[in-house]
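There are 2 protein chains.
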Amino acid sequence: MTELRKTVERFWAAAEARDWTAFAETLAEDVVYTLPQTRERIAGRERYVQFNREYPGDWHLRTERIVAEPGQVVTWAHFTVGLEEMYAITFFTGTEKITSITEFWPEPYEPPAGRDHLSERY
Amino acid sequence: MTELRKTVERFWAAAEARDWTAFAETLAEDVVYTLPQTRERIAGRERYVQFNREYPGDWHLRTERIVAEPGQVVTWAHFTVGLEEMYAITFFTGTEKITSITEFWPEPYEPPAGRDHLSERY
Chain A
446 MTELRKTVER
456 FWAAAEARDW
466 TAFAETLAED
476 VVYTLPQTRE
486 RIAGRERYVQ
496 FNREYPGDWH
506 LRTERIVAEP
516 GQVVTWAHFT
526 VGLEEMYAIT
536 FFTGTEKITS
546 ITEFWPEPYE
556 PPAGRDHLSE
566 RY
Chain B
446 MTELRKTVER
456 FWAAAEARDW
466 TAFAETLAED
476 VVYTLPQTRE
486 RIAGRERYVQ
496 FNREYPGDWH
506 LRTERIVAEP
516 GQVVTWAHFT
526 VGLEEMYAIT
536 FFTGTEKITS
546 ITEFWPEPYE
556 PPAGRDHLSE
566 RY
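If you're matching them up, the sequences are chains A and B in order. Heads up, our numbering is the position in the first sequence plus 445, with the first residue counted as 1. Heads up, our numbering is the position in the second sequence plus 445, with the first residue counted as 1.
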């Protein structure tokens with residue numbers, strides 16, 4: 446198991462537990478968080494912890510899948526906020542601590558016409 | 446480098462080249478393609494190759510990031526269709542050939558209010 450994978454597992458466990466001290470310990474001081482969909486960036490551990498601490502809603506998460514190699518980890522996490530369900534796909538880099546986080550929040554959409562001869566809905 | 450990573454690199458290169466024979470060779474016969482956002486599933490190599498071959502638009506791709514461990518690979522691919530830009534995040538499993546593909550297409554959205562004291566737009 447890679448070092449960074451263990452750090453990322455602690456990151457998600459601390460987020461779910463709202464243990465912001467343990468959460469901060471997984472992050473490099475100059476960590477950068479990037480959301481390509483909104484083109485937002487949050488620079489620095491303090492701001493990023495605050496962003497998570499202030500995030501509204503009674504959200505809960507579980508990790509569906511983790512793929513790790515030395516220095517890079519990706520997670521697919523399932524979030525619930527009440528009855529609402531969401532996924533986050535998160536790319537982490539770092540060595541022992543996390544130095545960059547790039548996150549995607551894909552939303553449900555209706556399939557385009559013209560492919561129901563190949564696909565099934567589930 | 447893992448075996449599956451090499452297969453996934455061939456998969457994307459063949460897609461970009463519209464080389465559907467080489468593309469099919471990367472896939473197990475019973476490959477399953479899943480789109481959680483639309484809850485669509487396409488079962489079997491033949492249908493999945495047809496789905497890609499029929500996909501409309503002059504799309505082009507490059508892989509931004511690959512994370513691989515034995516049996517699991519994730520890619521973040523950047524697509525262009527004319528002036529439109531999109532990302533696909535794709536989770537692959539398999540050994541030598543690809544047996545499952547789960548893909549997300551995150552779309553741009555406006556950031557919620559109340560976090561611009563922490564974030565910057567880029």
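Don't take every hint at face value.
[Said to hold, decoys possible] What the simulated footprint calls covered on chain B by chain A, stretch by stretch (three residues with Cβ under 8 Å from a Cβ of chain A suffice, anywhere in the stretch; the number is not a length):
hint : region
1    : 483 to 496
2    : 514 to 522
3    : 526 to 540
4    : 548 to 556
5    : 560 to 567
[Said to hold, decoys possible] Far from chain A, some chain B residues (derived; all Cβ distances over 10 Å):
hint : residue
6    : Thr452
7    : Pro501
8    : Asp503
9    : Thr544
Rather than coming from a laboratory, the hints here were simulated on the basis of the structure. For each residue, glycine too, the CB sits at the ideal point set by N, CA and C.
Against the structure, the hints come out as follows:
Beta-carbon proximity to chain A at under 8 Å applies to 10 residues in the region 483 to 496 of chain B; the threshold of 3 is reached and the given coverage holds. With a cut-off of 8 Å between beta carbons, the region 514 to 522 of chain B has 5 residues touching chain A; three or more are needed, and the interface restraint holds. Counting residues of the region 526 to 540 of chain B whose CB lies closer than 8 Å to any CB of chain A gives 3, which reaches the minimum of 3, so the coverage claim holds. Beta-carbon proximity to chain A at under 8 Å applies to 8 residues in the region 548 to 556 of chain B; the threshold of 3 is reached and the given coverage holds.
Three residues within the 8 Å Cβ limit are the bar, and the region 560 to 567 of chain B against chain A gives 6, so the coverage statement holds. No beta-carbon of chain A comes within 10 Å of the beta-carbon of threonine 452/B; the shortest separation is about 15 Å. At the 10 Å boundary, the C-beta of proline 501/B falls inside the reach of chain A, the nearest C-beta of that chain being 8 Å off. Even its closest Cβ contact with chain A, about 16 Å, leaves aspartate 503/B beyond 10 Å, as expected for a residue assigned away from the interface.
No beta-carbon of chain A comes within 10 Å of the beta-carbon of threonine 544/B; the shortest separation is about 15 Å.
The structure fails to meet hint 7 from the earlier list, while all remaining hints are met.
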